[in-house]
Structures are given as C-alpha cells and as structure tokens.
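There are 2 protein chains.
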Amino acid sequence: MKAEIIAVGSEMLTPDNLDTNSLFITAELNEAGFQVHFKTVVGDREKDIAEVLGTAIRRSTAVIVTGGLGPTEDDLTRSAVASVLRRPLHTDPFLVEMLRNRFQSRGWNMPAINLRQAEVIDGAEVLENPNGSAPGMWIEVGKAVVVLLPGPPRELKPMLESQVIPRMRRIAGGRRLVSRTMHIAGMTESEVDSRAAPIYGRYPNIETTILAGTGLISLRLLRWLEPGERAGDLEELANSLEACLGEALFSNRGESIEEVVGRMLLQSGQSLAVAESCTSGLLAGRITRVPGSSAYFLGGALCYSDEVKMSLCGVPREVLAAHGAVSSQVAEALAQGIRSRLGASVGLSVTGIAGPGGGSEEKPVGLVYMGLADETRLVHVRRMFAGDRDGVRDRSAFFALASLRTFLRR
Amino acid sequence: MKAEIIAVGSEMLTPDNLDTNSLFITAELNEAGFQVHFKTVVGDREKDIAEVLGTAIRRSTAVIVTGGLGPTEDDLTRSAVASVLRRPLHTDPFLVEMLRNRFQSRGWNMPAINLRQAEVIDGAEVLENPNGSAPGMWIEVGKAVVVLLPGPPRELKPMLESQVIPRMRRIAGGRRLVSRTMHIAGMTESEVDSRAAPIYGRYPNIETTILAGTGLISLRLLRWLEPGERAGDLEELANSLEACLGEALFSNRGESIEEVVGRMLLQSGQSLAVAESCTSGLLAGRITRVPGSSAYFLGGALCYSDEVKMSLCGVPREVLAAHGAVSSQVAEALAQGIRSRLGASVGLSVTGIAGPGGGSEEKPVGLVYMGLADETRLVHVRRMFAGDRDGVRDRSAFFALASLRTFLRR
Numbered sequence: 061m062k063a064e065i066i067a068v069g070s071e072m073l074t075p076d077n078l079d080t081n082s083l084f085i086t087a088e089l090n091e092a093g094f095q096v097h098f099k100t101v102v103g104d105r106e107k108d109i110a111e112v113l114g115t116a117i118r119r120s121t122a123v124i125v126t127g128g129l130g131p132t133e134d135d136l137t138r139s140a141v142a143s144v145l146r147r148p149l150h151t152d153p154f155l156v157e158m159l160r161n162r163f164q165s166r167g168w169n170m171p172a173i174n175l176r177q178a179e180v181i182d183g184a185e186v187l188e189n190p191n192g193s194a195p196g197m198w199i200e201v202g203k204a205v206v207v208l209l210p211g212p213p214r215e216l217k218p219m220l221e222s223q224v225i226p227r228m229r230r231i232a233g234g235r236r237l238v239s240r241t242m243h244i245a246g247m248t249e250s251e252v253d254s255r256a257a258p259i260y261g262r263y264p265n266i267e268t269t270i271l272a273g274t275g276l277i278s279l280r281l282l283r284w285l286e287p288g289e290r291a292g293d294l295e296e297l298a299n300s301l302e303a304c305l306g307e308a309l310f311s312n313r314g315e316s317i318e319e320v321v322g323r324m325l326l327q328s329g330q331s332l333a334v335a336e337s338c339t340s341g342l343l344a345g346r347i348t349r350v351p352g353s354s355a356y357f358l359g360g361a362l363c364y365s366d367e368v369k370m371s372l373c374g375v376p377r378e379v380l381a382a383h384g385a386v387s388s389q390v391a392e393a394l395a396q397g398i399r400s401r402l403g404a405s406v407g408l409s410v411t412g413i414a415g416p417g418g419g420s421e422e423k424p425v426g427l428v429y430m431g432l433a434d435e436t437r438l439v440h441v442r443r444m445f446a447g448d449r450d451g452v453r454d455r456s457a458f459f460a461l462a463s464l465r466t467f468l469r470r
Numbered sequence: 061m062k063a064e065i066i067a068v069g070s071e072m073l074t075p076d077n078l079d080t081n082s083l084f085i086t087a088e089l090n091e092a093g094f095q096v097h098f099k100t101v102v103g104d105r106e107k108d109i110a111e112v113l114g115t116a117i118r119r120s121t122a123v124i125v126t127g128g129l130g131p132t133e134d135d136l137t138r139s140a141v142a143s144v145l146r147r148p149l150h151t152d153p154f155l156v157e158m159l160r161n162r163f164q165s166r167g168w169n170m171p172a173i174n175l176r177q178a179e180v181i182d183g184a185e186v187l188e189n190p191n192g193s194a195p196g197m198w199i200e201v202g203k204a205v206v207v208l209l210p211g212p213p214r215e216l217k218p219m220l221e222s223q224v225i226p227r228m229r230r231i232a233g234g235r236r237l238v239s240r241t242m243h244i245a246g247m248t249e250s251e252v253d254s255r256a257a258p259i260y261g262r263y264p265n266i267e268t269t270i271l272a273g274t275g276l277i278s279l280r281l282l283r284w285l286e287p288g289e290r291a292g293d294l295e296e297l298a299n300s301l302e303a304c305l306g307e308a309l310f311s312n313r314g315e316s317i318e319e320v321v322g323r324m325l326l327q328s329g330q331s332l333a334v335a336e337s338c339t340s341g342l343l344a345g346r347i348t349r350v351p352g353s354s355a356y357f358l359g360g361a362l363c364y365s366d367e368v369k370m371s372l373c374g375v376p377r378e379v380l381a382a383h384g385a386v387s388s389q390v391a392e393a394l395a396q397g398i399r400s401r402l403g404a405s406v407g408l409s410v411t412g413i414a415g416p417g418g419g420s421e422e423k424p425v426g427l428v429y430m431g432l433a434d435e436t437r438l439v440h441v442r443r444m445f446a447g448d449r450d451g452v453r454d455r456s457a458f459f460a461l462a463s464l465r466t467f468l469r470r
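Residue numbers (my numbering), protein chains in the order written: chain A, 61 to 470; chain B, 61 to 470.
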C-alpha cells in the first residue's frame, strides 16, 4: 500500500514557501493503511506535472495531487492529468449548476473563467468541496487511484477526511499502520539509542525511528497490521521503552511538553506565571498555544530590559548590579518576583544571552538560566545552548518547560 | 539552467518533518542563476534514491542531493549515486586521515563504521565539511552536475555557500536570476492584483507572482539576466508598483513587518512596550526575533487574566467590569498602562478571543482589539479574523505590528 504526494504550485519552488499539506495528508494516509514513499513539488507547468504524475502512477497504489485546480490559466492539474491518462475532459452540467449557485448566493455573477472548474476527467468521481469552488476528483486507473484535491488547507482537509480516507480504507482492505510517538527530554540521541536499541531490536515487525528535535528526542514506532490483527506487540514495546527511559520520557502519545505541563498544572490545581527575558514571548506563546490554557496560565512579564526586571518583576537593583541580568540570582529573583506579583502557585523565569551580540568570555552567547519558585522552593537551572539566536531561544523555551515538568514532579 | 533538489531521509516522509533545507538552497541557487523546477523527498531506500536520481539527471542541469551521507547502514546516498552513474566507490586515504584526526582531536578512536564516510565516487571532487564528519561530493556527469551534501543545516549551509555556489556561478556563465519581494498589509489578494496587474503586465520578461501569507500579501518579481545585463526594468517595475500600492506597501526588499517597525523605532529614537492578552507572547516573540531589538524593545506584560491586566498594566477594575476584557476601552487602557509602567515612548496592546472557546454572539471567536498609545495619542483598531486558534493569534500578532507601523507614520 504505497502512496505518494504531489504538490502543484510554482510558489513552493521559491525560497519562501513549503508544501505543508503533505504533513497532515501523511498522517491520514498512515492511519488508513498507506505508507508515503515519495513527495514531489512541481511548478505550474503542464509538461512537468504530467511527467511527475506519469512516474507516480507506475510505482504507487495511491497518488494524491494537491493544488492547480483553480479557475485561472495557471491551474493546469486537470489538463495535465487528462493528458497523462489519455482521457478527455468534459463539462459536468451538475457542477456548472453548483458553481452558478455558489456565486449567486453571494450576489455575484459567475465569471466565465470559472467554468473551467466544472471540467471533469472521463471516468472520474467528483469530490465535493463545501468550502471552495474547486471540486476534487477520484480517478481509478487500473489498480491505482489518482486523487485530485485543492491546495488551500481549509478546503483540502475536510475533503480528505470525509471523502478520500474512507475510500482509501476500503482499498487497504482492513490493513492499517499504527504508530506511537514518544518524546524524551534531557538525553542525547545516542543515550536514547543505547538504551532503546537492545529493546526495539527484539521487535523486527516494528519500525523504530529516532528523531532529534529542538531540545527533545523522539522515538517513533510504526507497525503494519493485517486485517483483524491487534497491535499487542506495539503496546508491549512502548511499555518496555517507558520503563527503560524512566523520568526522561515526558510523553508516550506524542503530546508536546506544553500539553504535558498544562495537564499537570490543571490536575494539581496550580497556576503559573512566567518572566521571560531572552525568550521574550516564545515560552508564553507555547504555553498558550494549548486550548484551555487560561485555566492555569495567569500571564507574566516580558522583561527584556533591566528596568522591567525591576518594575514588573520586583528584582532588587542590588541583585542586578552585583550579578548581572544573566545569573542564577536574577533567574531566581524573577521567578519569585513574578510569582508573588501575580499571585500564582508557580513562577518560572528565563534569562540568557541569545546573541548574536552581548556575549563575553565569562558569559558567552548560549548561556541561559531558568528560575523556578513555588510556595516552599526556589531553584535555578543553568544551561549552555549551541546554535544561532533563534536556536538558543527555541531551546531555552523548550528547556524551561522541561524544567518546570521536573519541578512539578518533585 | 534548471536545478532540482532531492532530500533523502525517511523522517521527512512522516507526519512530523518537512524538508526545510530546500528553502535556503533555492535562494542560493536562484542568485547563482539556477531556477528550481522540481523538489523531491525520498526515504532511506537505495532503490528509491537511485530511481529519483536517474530521473533528475535526465532533466536537470544541476541536481542537489541532501542527506544520507552519515556512517550508518541507513545512509545510502553514496551507494545509490554510484549505482546510477555506474561508477565504483573507492576509499580516499586523505579522507581516512582527516576523519581519524577529527576523532583523535576529541580524544576518541574512530569507529570502523565511519570509514564509509571516506568512500568517494570515482571522478568526484570532494567537498570538505568543516562542521561534521560527512564530506560532500561534486560530480560532473556529461553536461549535468550532481552535488551531494550532508543533511544538517549547520554542515550544509557553509559548504553550499563557500564551495558549491561559486562552482555553480561558473556553470551559469554570468547568467543569473534577480528577484525583489514586496510585502503589503491591509489589502486583499485581489485588490493587490487589480492594482498591480496592469503595471506588471507591461513587463513580459519579469515573472510576477502574488502570494497570500498570514495577514500580508507578497509580490515576488523574478528576472533572468544574461551575462553583463543590468536589471533596469526590474527596478522600474518595482518603483511603479511602489507608487501604485502606496502606504499599504511596507517593504520593497522582503523585510518582515517586525524589521520595518524596528527600524522606524530605532531611527526615531523611540522605545516600545507591549501588553499581550490573546497573542500572549507571539507579538513580543516576533519583535525580539530581530537581532538588536533590545535597543528599542523594553518588554511588556503577558496579561492573559483580568487580574494581570489590572496588576501589571494598571487597567482600572471598573473599565474591565463595564466593557469586558475584549473591548476597545480595555485595549486602550492596556496600551496606555504598559506605556506608563515601563516608561516607553509607545505602548501597543492586543486583546481578543482566539477560540476555540470563549466566544459569544456579541463577541465571537476572532474578534480582536489593538490599542496604541504615545505621549499625545490613544487609539484602538478593531478586527475580525477568520481561522482557528493559531490562525487568529498569528493574524493578531501580524496586524498589531502593521497597526504600529501606521501609527508611527502619522
């Protein structure tokens, strides 16, 4: 059950744009029993689209093509697919009617150009698009299937979920791919591998991949199941890995560190306040990405300057003068200060040197302190992060959340 | 001068990882005179890599392959390329020496497995890797060139810039692609196009693309130059577009809104403080992504809860009680409050309903107010944003910066 994804659009061949649709398409395909073995981006050129599609049909059971279904001259997916399959396009009167109604309901006349969107490849099933004017198509070609979907995620996602995936499941005939993602903090990739390899090596039917992210290491377990088969060994492997990785494993279901910490705060009825210097918003931005975070996150201070560390977080001027803004003392004072100012259960702070400027021999770029305070404890953590400005800031935000998790467990 | 990029790595065929290297590779290739016409992602399978590479060599002048050059059994790029080109691999004694030294300088013995990284395809030029153990290769195949580079950006980038691009320029023989990116805020895609199309339509040698981003619209102008030719018409078109787009154009050189606003603050000697409710860090995170932002950004408050709007930003309890947290009155009080607390020249605030919960008929999800205050002015802007939680938050952060730009221009 091999699938491949073709994204059509010249904008994705510029330095500014990536094909991000393929991520959730891959997730859906995997659940339906298909593994993605190629992804291609091609520009708005009929010859190129036809070439890529021709190759794909020869080697894959399912080919998902996104984009190029709009009404303009740049939208060439329909004609390219028709030419590769050597099937004519016809105008579907039902689609013409639907398009006209769509425009009329908005009080507009349909421009003649939109009639192109009513063109259907002979033998294709039309996939309705409730959120846009470009219908999709499901085209069976021998044992393979070619699926055409519009590019905008708002249109693509619901069509994929409700119309394409159910058909794909039927093709897979009950075969499916199950997966588990486990996230680990505070270990290197090789530490994780040296602990995990002797265990996952005993499960040849499970494909195990180790990925290094920003601050975290992820283990991804993949298992193909035949119709009716259960994933007992996947559970078993996941449990063994959990036991051997211990406290460093912060999620065994792919949850992010901010989701894990959020749940811990919610369950213990505690609230959180933050004081961010070098991360300046990245940490709070991650915390509040979780829906419902207002139940435990009170807010905090963006204390980029020394003045703000004093005025909003109550750091004593003498502490700043004696130790400098990037110091364990200031990290602790920030955590304690913001906790008490906001009346939170827990205070969390980050102060460091993200670069490119501002480093010294004693305090180089990448040096970061995190402070943690609750009613009875006041601690700090010191770390040196490699990487550029964005890298240091991202790692600091992740590590602050990982430190908070450890703090909450004690 | 057609190029294509092949990214090797099974992790990029999962729902979690994209090939992001291709963005800066594309930028560098364009400047060197090459247009990217295909991008492919392929897994760690020798047969698949060989198939994709075989196709690429037949249709492209330059093929850039990233990844799969590590020392493990999963690293199959070397052998796949050798098999496609029908050239043997040999062990390069000079590379063996370099690898040994690299390990020795760290006090380690080189594992035997790393000898694979000293294998070179016959006829290839070795590209040195100062930041890792995987050397690259430059392989001329008839009129085409195949370039192998390691996957990690820290290793890939310097090799590309210092060793690959100069060679590519020589192949292009002085031909090059020049581009201009213009960013526009506060207009729809069709408004921009209806103004711009009559103008760029007069320049058939310049490829003009319109892209819709989060809040902004971008115009990208591309012009191929023959050796010795100058881009006079590109400048002319850019100037005409600038005139017709007026104040809505915030950058004619691809700068981000936070860079533009940062420069305005710096040049006018003003400082900035922010109060973020629904964006909660996203706005400050963008502002401080700009190196040197500490020269004008003082900090601010993450005022997620009403209590914090009062305690850190001095919003009067009565204003909150009378109008609710998401209101023009609270937006203005936040901007004014944070400005005076932090002693900043300008205060900027965002308060809104990002969803998924919290909306009502009167104040639906997507309703956002921005407040702006300086010594003499206090204003607000109201907007309704479509999209999910992340979308509303991203648009709010962008729009707050765009509003600040307008405010600073007055």
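By construction, these hints were calculated from the structure, which means they are not laboratory data.
Mixed in with the good hints, there may be bad ones.
[To be verified] Derived DSSO-like pairs: lysine-lysine, alpha-carbon spacing no greater than 30 Å straight-line:
no.	chain 1	residue 1	chain 2	residue 2
1	B	62	A	107
2	B	203	A	107
3	A	423	B	203
Requested in this report: Given the hint that residue 423 of chain A pairs with residue 203 of chain B, test it: the Cα-Cα distance must not exceed 30 Å.
Outcome: Judged against 30 Å, a Cα distance of about 52 Å means the pair is violated.
**Report entry** 30 Å Cα cutoff - pair residue 62 of chain B, residue 107 of chain A
**Finding:** 15 Å, holds
Query raised in the report: Straight-line Cα separation of residue 203 of chain B and residue 107 of chain A no greater than 30 Å?
Result: Holds, at about 22 Å.
Hint check: a violation occurs at hint 3 only; the rest are consistent with the structure.
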